[in-house]
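4 protein chains.
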Amino acid sequence: MLRLKHVRVGVCGVGRIGCLHAENLACNAERAELVSVADPIKALARKIADRFGARMYASSREMIKKERLDAVVVATPTPTHAKLVELAVDAHLPVFLEKPIALTLKEADKIASLVNRSGIKFQLGFNRRWDPSYSKAEKEIAEGKIGRTLVVKTCARDPQPPPDAYIKHSGGIFVDECIHDFDMALWLMKDHVRQVWAMGTTLVYPQFSKYGDYDNAVAILRFSNRGLGIVEGSRTSTYGYDLRTEILGDRGQIQVENWKEHATRRWDKSGITEDQYPWFLTRFAEAYKREITGFCEYVARGDRSPVSADEGREALRLALAARESARKGSAVELSR
Amino acid sequence: MLRLKHVRVGVCGVGRIGCLHAENLACNAERAELVSVADPIKALARKIADRFGARMYASSREMIKKERLDAVVVATPTPTHAKLVELAVDAHLPVFLEKPIALTLKEADKIASLVNRSGIKFQLGFNRRWDPSYSKAEKEIAEGKIGRTLVVKTCARDPQPPPDAYIKHSGGIFVDECIHDFDMALWLMKDHVRQVWAMGTTLVYPQFSKYGDYDNAVAILRFSNRGLGIVEGSRTSTYGYDLRTEILGDRGQIQVENWKEHATRRWDKSGITEDQYPWFLTRFAEAYKREITGFCEYVARGDRSPVSADEGREALRLALAARESARKGSAVELSR
Amino acid sequence: MLRLKHVRVGVCGVGRIGCLHAENLACNAERAELVSVADPIKALARKIADRFGARMYASSREMIKKERLDAVVVATPTPTHAKLVELAVDAHLPVFLEKPIALTLKEADKIASLVNRSGIKFQLGFNRRWDPSYSKAEKEIAEGKIGRTLVVKTCARDPQPPPDAYIKHSGGIFVDECIHDFDMALWLMKDHVRQVWAMGTTLVYPQFSKYGDYDNAVAILRFSNRGLGIVEGSRTSTYGYDLRTEILGDRGQIQVENWKEHATRRWDKSGITEDQYPWFLTRFAEAYKREITGFCEYVARGDRSPVSADEGREALRLALAARESARKGSAVELSR
Amino acid sequence: MLRLKHVRVGVCGVGRIGCLHAENLACNAERAELVSVADPIKALARKIADRFGARMYASSREMIKKERLDAVVVATPTPTHAKLVELAVDAHLPVFLEKPIALTLKEADKIASLVNRSGIKFQLGFNRRWDPSYSKAEKEIAEGKIGRTLVVKTCARDPQPPPDAYIKHSGGIFVDECIHDFDMALWLMKDHVRQVWAMGTTLVYPQFSKYGDYDNAVAILRFSNRGLGIVEGSRTSTYGYDLRTEILGDRGQIQVENWKEHATRRWDKSGITEDQYPWFLTRFAEAYKREITGFCEYVARGDRSPVSADEGREALRLALAARESARKGSAVELSR
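Chains as they are written, first to last, in the numbering used here: chain H, 147 to 482; chain R, 147 to 482; chain B, 147 to 482; chain L, 147 to 482.
It should be emphasised that the hints constitute simulated quantities derived from the structure, not laboratory data.
There's no promise every hint is true.
When chains are identical, the list treats them as one kind, so a pair holds in a single copy or across two.
[To be verified] The list that follows gives simulated cross-link-like pairs (lysine to aspartate or glutamate, DMTMM-like), each with its CA atoms no further than 25 Å apart:
(1) 435 to 456
(2) 282 to 414
(3) 406 to 396
(4) 252 to 479
(5) 435 to 176
(6) 282 to 421
(7) 285 to 457
(8) 285 to 414
(9) 415 to 443
(10) 356 to 456
(11) 285 to 421
(12) 256 to 323
(13) 267 to 255
(14) 212 to 443
(15) 282 to 403
(16) 406 to 284
(17) 406 to 432
(18) 291 to 407
(19) 336 to 414
Generate coordinates for the entire structure from the input sequences, incorporating the hints supplied.
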């Protein structure tokens, strides 16, 4: 553990992603000190606390009250986000909040409003922005390497569906899976979307239909400056985790291709074969480290949020508009 | 030139594509004999006739009347298609007709009706179906290699816009450029489209706006069996000719990537660099040869059209629906 | 067939490669006219002659005497090369001679001497020089794109062994298969080799041992200007035809990778799979066309041989040195 | 830091690689506890100790005597390896020793003998064996995926030369750079080398000549079971760090290609460009973590060394034989 000037962090919620943040705070983020973790599932809180040498709490409220923290990481279920941001605002603590910011625009508005009025430091957990490949793409676009951006195109495909219980409260494919892609589209185009048309279908896993959700979906976007966008999401890519993005400019194109686990290929009677990447946790391991390191940097001495509450709200607004378009079968306009 | 059992062919119209067919008939198609060419631009007809050892005519009508032909290739401007198919039908001659079948559904209906009633052999010039990469994709899908097809996605980008004079009569980006992609979508999904939503924009070449056309456009499709489709067209890929297709199935995915002119890469301070393909005529050189060879095979002894008039009409109907959707700003339904 | 100013060509020997040259002369080479073919196997000569509309001869001598030819293509078995070049020299006819120039240095010297003294136009059939990928590599090196060349590395692997009867008279793996690679090494480095060390082994096909030949072999080269080279040959690449070359310079590297038949890839549970190229005849179809077209250009109006007899002799000298090194188990020096 | 059952480790020597091991022990290896570091450069020892919360020593001897350690990592200059292994043997401590095992066969023999007689646990630092791509290759070969191995080929190119002062004591390109490749060749072929022929040249950096060293070198190998090998090393790949390996079997081929930092490509007028990997420390970051984690596993409960002293000695013997062959200009035989 590092002895440099620390940012003392408590983690609220240590499920899959919260536990990953705890580990990165304990082991990989230069300026971080993992002080404590809180989770209503006490056995889980204890296990993670022991593993990384932190204190444990069953209640986030209690942790925030008792510990001398410099910041909190909130990785609890999405419906609890607003309440936890409120606790942090009351304690004048910087917040790292997992994505999506909320499941409804009302909740997102509330969070953005709390954050903006209080002036606390706030960073949303859009991890993909910290991925070396995506951040290189953004940098090259910002440097004008492909000229004016015209069309953005994203593809996100999961190799299996989430559990039934999760689907019900996930917000649907556009909110749960494609929200990263909507954020990418907004971030890479540096523009707002004015209109979205979307379609969804359920062809492989009938359970999605039960909840008005889809296992495959597409959306097309029109931006303020008249650029276009395509967002494609799937739960049925049985061949692996498939995540690609491209941006067409008037002087070139940038592609972010799939990542590989190995640089190993086999040539035999079947042809030339390489592995596809299995899952997002390893795909974005580096991004998760950079994200939480970036948060500690921001807390320690930054003045501009790497991913603001307003940006999180905007991606959600777009995802909800896509969901509405798919359900209604007509275009949805987004006001300025 | 080959002395095997010949199919004696006359070519109507020897512009860019007609001349290419003439060359392939003269040099590359095993069963073919190029007998004559016709073009109202006499100097052009003479030049091509001389080059490939054929007779020349200024009038297709006269050529069909005077020459003892086994088949005609029609590569004249699209508005003349119906008239020339009529001449061929009257002469009981098999016809190879360049794409698109027509610019209006009315004309397409007329041609399909002429062909279907007369029973003449007819093949439409969707050259992409004959490309080794695309036909391998279709074959693997037909063999069930990726299971049930769920989503088809195409991308067609031209490195420069056509001349102004051409734009005006081209039918627009959906009809002129994307018609191949609509045909691919129908062919690979083996299904009909029930609904199309499209958007277009003009960001780089203002001349497109003059004619109600776009320099970039996207469309999403819903198929009868509930599959989805994405079609993307562009006139602004300054980096080269960019043509890709992919099909997602419930057991895998097939991608048709860009073709390369060279297998040569350079590694230097700028990174690792390879060339992008410059233009469709060389990209599809092999497909054009196979297409006209396939036509001669079909004339000599086939009984089922490789690309029927009805298929050409269906792709046009879809392209026109996309154009209408983009113009109206709403979905367009296609009846069965 | 083309009616432009012709180069009237007769082909001596219409086995696999001779037949390919005949076809390209008849169909693909702009300035060429295939006048006649000669082969002692009369049925073969007749078949090819009929197929391409040429006259047939059982004797090359008779063909050269009787026909009014502008050039001959010699694709007869290697031991007959010297005699046929002599006939062409006597008739003052330009010669295209298939590779290898000869199987012994003595024969190669004889041919080079005949050609050089007579001053006839002469081109050796190193088809790989005409391949778009390889010629692009050579051009970029000549333009200084990778600076001073330091190391050349070639790999040539055949998916199956030649027939036993062929092995016996082939000259061995270095002369038969690797001679192209030795030519590439000399051509791309623009230098002479001063020393060669080689090793061979027979691990899969015992028949090679019978003739003192190998099914896998490697050689390292030292050039006059102190560059280094690696040549690797194999008869055992059961996965396909595998042909790659790279050149390291002090400012970068150029790679010629394997060619693909398709731009199609499949993603499924086995990973991402693409086809490897099956065989050299299709791999180099374009190179064979360019080679014979280049020969006709050279005959019609060129003044410098694209591939001279001396270059053919130098590649053979290097191949024979490698064979000697592998047999003796010691380095072989090559004099200036 | 983790609170699981620990392996308490002291690190001797905290230069570039020693410091990396210290960091991985402190942050990334599950079973490890970094207890202390020792380096005669006190300021360096203090800095690293402070950074990772460990105690510092100026003397490895003192550290081993005073601390209650479970194992030591030795990353001191190669000439000190034997002495430090001796200290560890006297203290009955497991040792992780950086590569190369020694610079002379005599020293390597001494170390192997110390280790083998004492029976202490010992692991040599051939990090490449722990790289996911290389270990996948080895696993697939062991599973028989490519059948019997016939030829192994390695390429290792550094983008810049080491400092002059380093070159002098490095042992030369074969020992310093290619020792990894010799180890890979032995490990992947699961065989011994009987004969090596090597050539070196100095074309770009004249300083290498001063020390009888080369900036580019190649070697060919003959294995006991008659397989062949090619090893290529360079200090002049100005385009980046270039590291590739392939193994030909009688049923297929496995390639380990270069690793990428980004999955991002740009398409513009220059073509399609991606970055090459800049340097080995990042290339092998994961391998270094796995290596030291593997060592702690081995110390905690393993019984077979992942990389034994004898294997380190064998790779050195081969590297020294290559150096001798290049210097003498003749083959070098290696006894059983």
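So, going through the hints one by one against the coordinates:
no.: 1; hint: 435 to 456; result: within (23 Å within a copy, 39 Å between copies)
no.: 2; hint: 282 to 414; result: between (35 Å within a copy, 16 Å between copies)
no.: 3; hint: 406 to 396; result: between (29 Å within a copy, 22 Å between copies)
no.: 4; hint: 252 to 479; result: within (18 Å within a copy, 35 Å between copies)
no.: 5; hint: 435 to 176; result: both (10 Å within a copy, 17 Å between copies)
no.: 6; hint: 282 to 421; result: both (24 Å within a copy, 11 Å between copies)
no.: 7; hint: 285 to 457; result: within (18 Å within a copy, 45 Å between copies)
no.: 8; hint: 285 to 414; result: between (40 Å within a copy, 16 Å between copies)
no.: 9; hint: 415 to 443; result: neither (52 Å within a copy, 32 Å between copies)
no.: 10; hint: 356 to 456; result: neither (32 Å within a copy, 38 Å between copies)
no.: 11; hint: 285 to 421; result: between (29 Å within a copy, 14 Å between copies)
no.: 12; hint: 256 to 323; result: within (23 Å within a copy, 47 Å between copies)
no.: 13; hint: 267 to 255; result: within (17 Å within a copy, 61 Å between copies)
no.: 14; hint: 212 to 443; result: within (24 Å within a copy, 38 Å between copies)
no.: 15; hint: 282 to 403; result: both (12 Å within a copy, 22 Å between copies)
no.: 16; hint: 406 to 284; result: both (21 Å within a copy, 18 Å between copies)
no.: 17; hint: 406 to 432; result: both (13 Å within a copy, 14 Å between copies)
no.: 18; hint: 291 to 407; result: between (28 Å within a copy, 19 Å between copies)
no.: 19; hint: 336 to 414; result: between (46 Å within a copy, 21 Å between copies)
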